[in-house]
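Counting with UniProt numbering, you get residues 1 to 303 for the letters of the sequence shown.
Because the hints were derived from the structure by calculation, they are not lab data.
Any given hint could turn out to be false.
To be verified - In silico DSS-like links for lysine-lysine, alpha-carbon gap of 27 Å or less:
hint, residue 1, residue 2
1, LYS70, LYS130
2, LYS222, LYS211
3, LYS121, LYS144
4, LYS144, LYS93
5, LYS194, LYS222
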Amino acid sequence: QSLGSLSSLLSEIERLASTREVDSNLLSKAQKQVLLDSFTVKRFHRNFKERENARELAFVQLEVIPYNQKYAEMARLYSDFESLQTSYEELRKNTQIPAFDFSIQTIEQFESGVLLSRLEKDASGQYPSKVPVKMLFSLDAESKLPPPSFSVFNRLVNLEYRLRMLLQIKHEVLLRAKARLTAKNTQWASRDAKLNLFLTRDFGAVHEEIKKIKASEHEDLKYYEEDLDEEGEENEEDEENEENEENEENEENEGNEVDEENGENGENGENGENGGNGGNGEDENGEDENGEDENGEDENEKD
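Work out the full structure, taking the sequences as your base and the hints as a guide.
Below is the structure:
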């Protein structure tokens, strides 16, 4: 419609140019129609742009933004997945079941031997004395063995630790007993060596020394008995001398008493002289006896 009015205006202008006749009403009408049609076109174009912008905005809001969000989330997840995949590969290469062996007693005591079904017996029908962890658990998804469970593994380790501690205590006790026996054996061996040395080398010399000591003691005892005999004889002589001295003292006392009696009675001079002579004789005898006493003392001194 706008193009038709514009074509009419152009035709009128060409006619005016060719005929040089101006129809102002027709020209004004054509120009007005062109203006009206141009306004209509502009309004339509504006409405179209508005609808287009609204549709674009709605498309962006409803399609582009959610898509970008999903894409960003997927990109982030993919990045996390790549990092996790790398970590998993590294862990899968480095992570292994520990090279640890459980004793068969631990497996038998764990829940009444529920894990014995995972073991294989040998040709003699006996379970192995040591059970590696890889015989109980596996990290391979295609393996028939289950993956390791922390609770089960922890209980097995605690049970194994308790059994090993008991064995360690028994081992320490046996080592101490062995050390004590070794010390005693060493002590007895030392004593046995000393005894053998004494019997083979020192016993003869000691026996000869004992013989010499016994002979010397016998001689000393003989001399001692002789000295005792001599001392006994000297003591007997001393006793005899003491008895003689006592007898002499008694005789002197008796002579003195006789002299006193003669002086008091006033007997004749001869008797007095005889008494005096008798007294003198006794004194001389007494002196002789004293001399004997002195000799006796000399003998005592010699003894």
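A quick look at each hint next to the structure:
| no. | hint | verdict |
| --- | --- | --- |
| 1 | LYS70 / LYS130 | violated (55 Å) |
| 2 | LYS222 / LYS211 | holds (16 Å) |
| 3 | LYS121 / LYS144 | holds (18 Å) |
| 4 | LYS144 / LYS93 | holds (21 Å) |
| 5 | LYS194 / LYS222 | violated (38 Å) |
Going down the numbered hints, you'll see the structure goes against 1 and 5, while the others check out.
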